[in-house]
Amino acid sequence: MRTLSSPTTSEKIKMLKDIVGPENVVDSKPALLIYARDASPMRGKVPIAVVRPGSTEEVQRIVEWANETKTPLYPRSGGTSLWGAVPLVEGSVVVDLAKMNRLVRIEERNLTCVVEPSITFGELEALLAKRGFRIIMSPENGMGATVGGNFASHGTGWGAGPNFSNQGDCVVGCKVVLPTGEVLTTGTMANPNAHGHFYRYAFGNDLTGLFCGSEGTLGIITELALKIEEMPGALGFATFGYDSLEAVGEAIYRVRRLRIPTIYAYISTGWTLDMLFPEKAPWQHTIKFVVEASTKEILDIEMRRLMEAAGKEGNYLGPQMAEETWRERYRWVGLFGYKLGMRAALPIHVPIGEVGPYLKKVEEIAREIKDKYELRVGAGGFACDRSCVIIVVVYFDPSNKRETELALRAWHEIKGKLFDAGACPYRMGALWADHMPKLGAYYDLLKRLKKVLDPNNIMAPGVMGL
Amino acid sequence: MVILEKYVKQIYRCARCGWCRTPTFADHGINKVCPVYEYHPKGPWEFFTARGRLAIAQGLLEGEIDVTKDLVEIIYSCTTCGACHEVCVIHFPVVMGVSKTDELDQVRVFEAMRAEVFKRRPDMLLEPHHRIANRVATQRNPYGEPHDQRFEWLSDTYRPAKQGETVYFVGCTSAYRHPEIARSTIRVLSKAGLSPAIIDEWCCGSTLLRTGQWDYVEELAKHNLEELKKAGARKVVVSCAGCYRTLKLDYPEILGSKWDFEIFHATELMWELIEEGRLKIAKSLNQKVTYHDPCHLGRHAGVYDPPRDIIKSIPGVEFVELTPTRQYAMCCGGGGGVKSGFNELALRIGIAAVKRAEGTGAKILLSACPFCKRNLVEAIEACKAGIEFYDITEVLAKLV
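Note that the protein sequences, when read in sequence, are chains V and U. Throughout the first sequence, residue numbering follows my numbering, covering 1 to 466 in sequence. Throughout the second sequence, residue numbering follows my numbering, covering 1 to 400 in sequence.
No lab work stands behind these hints, which were simulated from the structure alone. Treat the hints with caution; some may be incorrect.
[Said to hold, decoys possible] Derived DEER-like restraints, expressed as beta-carbon distance ranges:
(1) U/P41 x V/M307: 30 to 36 angstroms
(2) U/D200 x V/E279: 51 to 57 angstroms
(3) V/I298 x U/G359: 39 to 45 angstroms
(4) U/E218 x V/F277: 42 to 48 angstroms
(5) U/K69 x V/E11: 21 to 27 angstroms
(6) U/E62 x V/F277: 31 to 37 angstroms
(7) U/S284 x V/K130: 35 to 41 angstroms
(8) U/K69 x V/D18: 22 to 28 angstroms
(9) V/M307 x U/A26: 28 to 34 angstroms
(10) U/D148 x V/E11: 41 to 47 angstroms
(11) U/R120 x V/K447: 44 to 50 angstroms
(12) U/R234 x V/R102: 54 to 60 angstroms
C-beta: ideal position from N, C-alpha, C; glycine also.
Excised from the complex, chain V in its bound form (with noise of 0.2 angstroms):
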């Protein structure tokens, strides 16, 4: 005899139905396919239903009833994961944020704004320029990734610089709904009485820290505080090619060493220029330079410092390519990562003074995979604080299953070799899961903070490996 801790399917529906409205819940095998998938190779489960919140109170009930009737959720917002972000045990449910996308508020005289998980950025910064405000830094796919994906999965992007890393670095405060349902308000905002979110670190242990990159694991993120700034007063634009990823690597790190003030130094490897335009190969090894400063006087200063850094081993292309790029630098996705096919994308962390050791590692293992596995594998990056992002793209046909295979095979070859080589992981997934027991003791206090924050492990459960 079933009781109500176990009720039916058909029974779960209707539940969430009564939570949040028929409307909002969609149960059909069409519907629910595209929720086995994102931007990445991988495929997971086919939830069960696909709940469409539309506030915090509303998600607090979804993870409520999870709890009672012990079903998995997985929250997703964007949907533009390139590491599987996708659900990974059967009889899940999919919690869509995408009705969560508003900007809340901005609260200029804290210089911070608050917004919803799913607005993307490109919204956020289009209402944000009316105002002559910005937010610091997006990803890659800023047109189409969310505040609240990037957060979770610990993105960085265009606009890291000396200064900021991690889009976690410009969040000052969060509101979850923990698994157990209840609501947290992280940074300042923790004191009801606070004049808003103006502070990461109050009160006592970095609260936000804990879910910036949790990836849904510990809860779903109903709110972001993100830092605030004018409008930059000026920006100066230089392109230097390099004859060797040393070169490439050694220019990379004097530009930050000096402090720079670049807020996207992006490299181009030239056998990925070769494969990406052919009509003009061969190429050099590419950084494209955005420098920025708060006026043209000391913009000029600033670029004159750049040339002589980056131009010790490099020539010196001129100012266009890096502002053609910067302009369009959401299309450039469009460009790296499918005009050569799909592709499964392995972005990882590696030192800034370790940049040209590592881009020889990657060219290594691009040849290897060519001669193994007949396929392509390009290789870019760009500067953040004291690290630099190495994106690995395996380039393929999805049509092609055995191709898709092979691909497949070889993603996962390229993550061994490079974890095992020192990279770190930029996102996790699903994709990362299968290396987290080699994180130890690390690993270890993740799986028992999990168990304390959600004992019924009802959020993201495999993700990360939790």
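Go by the hints and put chain U onto chain V.
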């Protein structure tokens, strides 16, 4: 699975980047793309977006999903306007001059999905679309009006020739629902000294092509081809953007090289006549006006300038563009079988379009398609908007 397999490479080309969902390209005035995602009574669901539909197409190809009522509702809840194609990440490198726009033709894929579904389960077709096919089969028009009354709108004083180099292909909507557009077209062309012939035309088949009922169209196309040949036609003028796309882009695929006519939308021919000095706009129109790009004319066929050129050449007119506009313009909501299949959705999209037009401060909303007119006029009435709608030819007919 023959039909969809032809599009397999395109279906798997989707990068799932989400640009077809909620893109904001401020530099292009884009903050919304998919009218169905934005305005569907059920709200924004992933399966209404292009990437959702393409994932469903993958599911159909892989045999993971069957044709069900839910599936049919999803794939027919699309105006096939093609706005998703314009912002697709695969195509945006076009801006940078490095990719082609035919790598993923969302409209063709979505139409093929419908044809595939119809082929597998014709019994699952939406009843209004089934009715359209029956009406076209019996009366040669989707409205079921008597075929012998197709040209009742012609005045007693105008008896067009049955033969001539230039033929006016009136189209079903102008003939039966908006004859004022047909009359205006004749009047404007007459003022320029043209007396286009009119043939015993049948429905061009646009509604059938858009709703997946492809098999019936060849017969219609062949009839229209024979009639045009009989008339000695070389140029064919159409009022309807749907007829334009069908005659210009679909018939050559169906009929091959036998279809060798020059196809003009009325606005193309009229602008040519104005430029040549054969058509004079004698009166002025002291109004602020805006223009809605019909999807079949603009995005599908690339005709953006002639309608605008005509409007701008009218003395006294203050022309203001909608935002977004041209290839990023939002659909009126009437196309792709949505008007007949899901009228509430069509009207919601139409009301949003009307409100955007009102927001420009214009007092007149112009377009160049009787089908857009149907939906937008209904939308104006539904939301009691303070703006009037006219087809460009109607305005021209009063001013020449």
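Quick rundown of the hints versus the structure:
1. U/P41 x V/M307: 30 to 36 angstroms: violated (58 angstroms)
2. U/D200 x V/E279: 51 to 57 angstroms: holds (53 angstroms)
3. V/I298 x U/G359: 39 to 45 angstroms: holds (41 angstroms)
4. U/E218 x V/F277: 42 to 48 angstroms: At roughly 44 angstroms between Cβ atoms, V/F277 and U/E218 fall inside 42 to 48 angstroms, so the hint holds.
5. U/K69 x V/E11: 21 to 27 angstroms: Given range 21 to 27 angstroms: holds, Cβ gap about 22 angstroms.
6. U/E62 x V/F277: 31 to 37 angstroms: Once the Cβ atoms are compared, 34 angstroms apart, the range 31 to 37 angstroms for V/F277 and U/E62 holds.
7. U/S284 x V/K130: 35 to 41 angstroms: The hinted range 35 to 41 angstroms holds for U/S284 and V/K130, with Cβ atoms some 37 angstroms apart.
8. U/K69 x V/D18: 22 to 28 angstroms: holds (23 angstroms)
9. V/M307 x U/A26: 28 to 34 angstroms: holds (32 angstroms)
10. U/D148 x V/E11: 41 to 47 angstroms: Roughly 59 angstroms apart at Cβ, these two residues miss the hinted range, so it is violated.
11. U/R120 x V/K447: 44 to 50 angstroms: holds (48 angstroms)
12. U/R234 x V/R102: 54 to 60 angstroms: Taking Cβ atoms as reference, U/R234 and V/R102 lie about 57 angstroms apart, which means the hint holds.
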